[in-house]
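Full structure from sequences and hints, please.
There are 4 protein chains.
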Amino acid sequence: MLGKIALEEAWAIPENFKAYDVSSLAPKGVIGGDLIANLLDVHGTRLEQMDENGVEMMVLSLSSPGPQGVTDAREAEALASLANERLESEVGRNPTRFAALASLSLHDPAQAGRELRRCITERKGFVGAIVNDFQSAGPDRNTMLFLDRPECDAFWRVAEELDVPVYVHPREATPLIYEQMWKDRPWLAFSALGYAHRVGMHVLGIVTAGVLDRFPGLKIVIGHMGEHIPYDLYRIDHKLNRARFPQMPMAKDKLVRDYFGTQLFITTSGHFSTPALLCALQEIGAGAIMFSIDYPFESIPNGCVWFDDHVPINGRDLVDIGRNNALREAPHPLQYK
Amino acid sequence: MLGKIALEEAWAIPENFKAYDVSSLAPKGVIGGDLIANLLDVHGTRLEQMDENGVEMMVLSLSSPGPQGVTDAREAEALASLANERLESEVGRNPTRFAALASLSLHDPAQAGRELRRCITERKGFVGAIVNDFQSAGPDRNTMLFLDRPECDAFWRVAEELDVPVYVHPREATPLIYEQMWKDRPWLAFSALGYAHRVGMHVLGIVTAGVLDRFPGLKIVIGHMGEHIPYDLYRIDHKLNRARFPQMPMAKDKLVRDYFGTQLFITTSGHFSTPALLCALQEIGAGAIMFSIDYPFESIPNGCVWFDDHVPINGRDLVDIGRNNALREAPHPLQYK
Amino acid sequence: MLGKIALEEAWAIPENFKAYDVSSLAPKGVIGGDLIANLLDVHGTRLEQMDENGVEMMVLSLSSPGPQGVTDAREAEALASLANERLESEVGRNPTRFAALASLSLHDPAQAGRELRRCITERKGFVGAIVNDFQSAGPDRNTMLFLDRPECDAFWRVAEELDVPVYVHPREATPLIYEQMWKDRPWLAFSALGYAHRVGMHVLGIVTAGVLDRFPGLKIVIGHMGEHIPYDLYRIDHKLNRARFPQMPMAKDKLVRDYFGTQLFITTSGHFSTPALLCALQEIGAGAIMFSIDYPFESIPNGCVWFDDHVPINGRDLVDIGRNNALREAPHPLQYK
Amino acid sequence: MLGKIALEEAWAIPENFKAYDVSSLAPKGVIGGDLIANLLDVHGTRLEQMDENGVEMMVLSLSSPGPQGVTDAREAEALASLANERLESEVGRNPTRFAALASLSLHDPAQAGRELRRCITERKGFVGAIVNDFQSAGPDRNTMLFLDRPECDAFWRVAEELDVPVYVHPREATPLIYEQMWKDRPWLAFSALGYAHRVGMHVLGIVTAGVLDRFPGLKIVIGHMGEHIPYDLYRIDHKLNRARFPQMPMAKDKLVRDYFGTQLFITTSGHFSTPALLCALQEIGAGAIMFSIDYPFESIPNGCVWFDDHVPINGRDLVDIGRNNALREAPHPLQYK
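Chains as they are written, first to last, in my numbering: chain A, 121 to 457; chain B, 121 to 457; chain C, 121 to 457; chain D, 121 to 457.
Hint data in this document are derived by calculation from the structure and do not stem from the laboratory. The hints are all genuine.
Note: identical chains are not told apart, hence a pair may lie in one copy or across any two.
Listed next, the in silico BS3-like pairs over lysine-lysine satisfying Cα-Cα at most 27 Å (straight line):
no.: 1; residue 1: K138; residue 2: K303
no.: 2; residue 1: K374; residue 2: K457
no.: 3; residue 1: K303; residue 2: K374
no.: 4; residue 1: K303; residue 2: K372
no.: 5; residue 1: K372; residue 2: K457
Printed below as a string of structure tokens:
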């Protein structure tokens, strides 16, 4: 389809590469080009490929882990602020083709709320926020600050009030966990498996902690066809046994599946699988799914050819997934189709 | 359908309860009865419900973690041996309705191979082995011995030679990992999420370590509709990038999906979800799927009503999944349908 | 789900039995009761079973063929008028649980339009019209008057103006066609196959004749999971080759699939098949599908147990199919869920 | 996949064009070339496109209606015999890439059996038979001789004894039926709808007449994703009510669905629809489905790109559908994959 909107699309500033060695993510040439150059680029190759593949808009965000990889609170906040300033400027150069997700430090949730408010109300082009899984902290980088801790309500409250979605994006494990679980099978530690494990746990942690109940207008988006959750929804709800876990804070009269389509959304980023999409359509419905690519870690043509030509669903659901759901949940002046 | 065979069905001996407090898994009454009594029972309530629900045979195994929860090698081996002796006796009382998976200590893989050989060639009623994820070791229970370590080839060789499947079953996390990741959301630590994370990583670790290539006759079975793997097969294979991970030992010309149906199998245990089953059917095919219940952690009628009445597939695939695949991969004198 | 609305539900008056021998449709006892008694009943067994099975509302219509089976125009019009009068009265006795589709003679499309207008604007409880396939005419009952003939525009114009859907329902073949095609295999002549053949052809005839283009507000509903059309949509559109059939009046820039969800709708009546529903969901989407039973030719519990317990789709789509789509397309004071 | 086998692939001899005007089927250029030239060609463009698209073998048959369109018994038999002689010669020029279905006149079923026996036992390259729906007879071409008439047992007996499948292929309606039903909507009379109606009724007539019960080794193949039958299997079996139709000869203890995969098979010819294929996979299973294209009425690349790139199923089922099922049901020296 023409007019697609893609939500989980990475972009970088040189300062972010201090936080991690992006070249480790994919060797040059492996995914059709120079990863670092493609991360830094907005208006060149990226836009050209958008034009060639029917992508009307990309919602950009600083590449992972961004501020979540910075253990010092001040530095993390400064990186977030710098990235948001630069991204506003990039997006402003072509505001009908690009929008932005705000980067945030999660050391201090109240500060994260202030930074998000500034992006949405004072900066131009921002339609939501992105958090790269847990916030790293501690001298050895082994402390994980999760979004289901009570003090994060200060942040969630702002996101709800501003009515913008928060995208929970993957990142790498802490050194300690990596050493214990992934070191002997590093090829599984990242996008092949570990990413989904960590984000899946984190998001289900947020949901079962009752965050979505306390903030019923809050909307959370996860990528990669839902980080395994749609496939396992029956088992998740079946096993979150309230008799066994009376202390679980989530509303007693709700199932995890009940939040999809109103407060929980998934994207297709990096998982161009028709069987997975059909499973998700059955379990959570077209209203809970949005198209995304995960450029430049994925190829724009691969994602778009799959979506445009191979996805065996009706045009109405296709257009909802490819465009309209994004406009509804992350409002932007573009028109519905 | 009548004549179903169920493969992941737990049974216990009092000695196993030293390894863990089974009552923590589900409060009395929650899943339709007294869990401990149901674990100990074979020929009473269990058989009655099998009769009422068209289950011709249950393949029994010692409840998790079994020997994998015992850090001392001698004690773990003794528990395995004791369990196998008792299980042979139970199964022998009604050999047309029950068969057995051998418990094994994985401290010493060569010893595990010897115990498995003894069960298959000297004991009666055994059709395979079960391993409850990693083997716990170390004074603080925090050492995890995985099956993808090179010395386990000594064990895999025997399983291949005997032509019996190895069922990789979930267990709880180590104290250290639990503390770091699950403590603040314990309801996710077990069957709702953590089990699938750990077994999924472990089994993909085994596959990508090249174990199935070195032992091309070896067969591994995982439960719970494949511990998320079928849903993510596209992404797993797509991201196991050989250019990025040249050191990954798995055969260079194979994808993870290529092993399903010949060396990798899944069961429906504890995940009676039609969307998930349909996704798995598309991704790995009916020949790679086997019916199971996960009694007594799941209700026999729930699992059977779902399979018999709700699964929207043709009779041939249903009978293959419900019975014939198990007879083909874990040979037993019962007849094919 | 509770609150289901069912659209294709038959009811009869003794005068209609002159047109056909309803007892030929199903022997007494075969579908759980006495067919004639169940057709005549509204407020007894029918309502009781609605209560027991979560059906809040049934939209009733005179059982097939109704006026379409009457070859004399005056008699057909009189039967339609009589049926509408009686149905208004029945529905009026319990207007929160029953609504009505208007019966119409199609000998004179302008007269059909007037009768429909009277039902919608002067009578109470009517939410649409029903036409039982072709209108029989001619001395030997072999003339078929179809709704794609140009003079029917006079009728379609009224239906569009009143903004009420027209349900195209099956009926038996003419004597001549029956003799040629079905006589040697009568078991296929009716609901097993012939019904779908005839309605499928008729409705595709209407669509390809450009009726939906000339009346873009017009809405047509067909039962039995779409009379095969969703399964064949690819082939239908692929083979309606405009180069080969330049005289086909349908809009040159549209495919048959484009009308589903805005002008074409299907119901689940009498085809409680999960694979068929999943195929239809992919091809035409949840917005184009409405729940129906086809009582008393089908069992209320069978249809409802299937829909409530076996259909593997998310709750939002389920409620749309089970209720909301009907309220949107055939407006009624009941509230959305 | 490489090595595909396609079963419903048309070929013609000039003498067959007397029976119908093939150019009416598709205007020159519409489906990528000159239809008549492509029907006559075997070793040129056809083979080239097979090479380019991974089709190892085409099973050829005389284009419809062939002998079924010839009302004179002697002429029909002569056309069948001539076509079989010519086809043997064509196939013999490249026997590893082409095989043949025997054309038969069905005026005299015993003669059809003798011609089939001659093709299979005396001619080379034949792997089955094709019948183009009903046999035309009578002076006005309005008599339809169907294969469910009792005297056809003489033919079915031979097909069973020789263990070769009979492909029931569509053809146009009789003049009388065309006049009554299709004349006002001719674009629906052929491949868009009418073909499926006629073959679907014919094949269900054969099945419900008990032919498959009397000849339990007999195998029948239909194209176009099963001529609607898989989508409607629930309703067909549900409505073939034995209490209502006690005279129906089909075995009392069988459903129509029970014959699929052993005696009934479908192909994908001309219906490259993923939702339809997924529905068929659920209802009848991969063992009952075979790849076909319907060249030259369909494009070879279209069919192959769909099957190779778009069909979201596992490799084992894909290879069974694409090749192995054909080798199993219509034996040929090619090797299984």
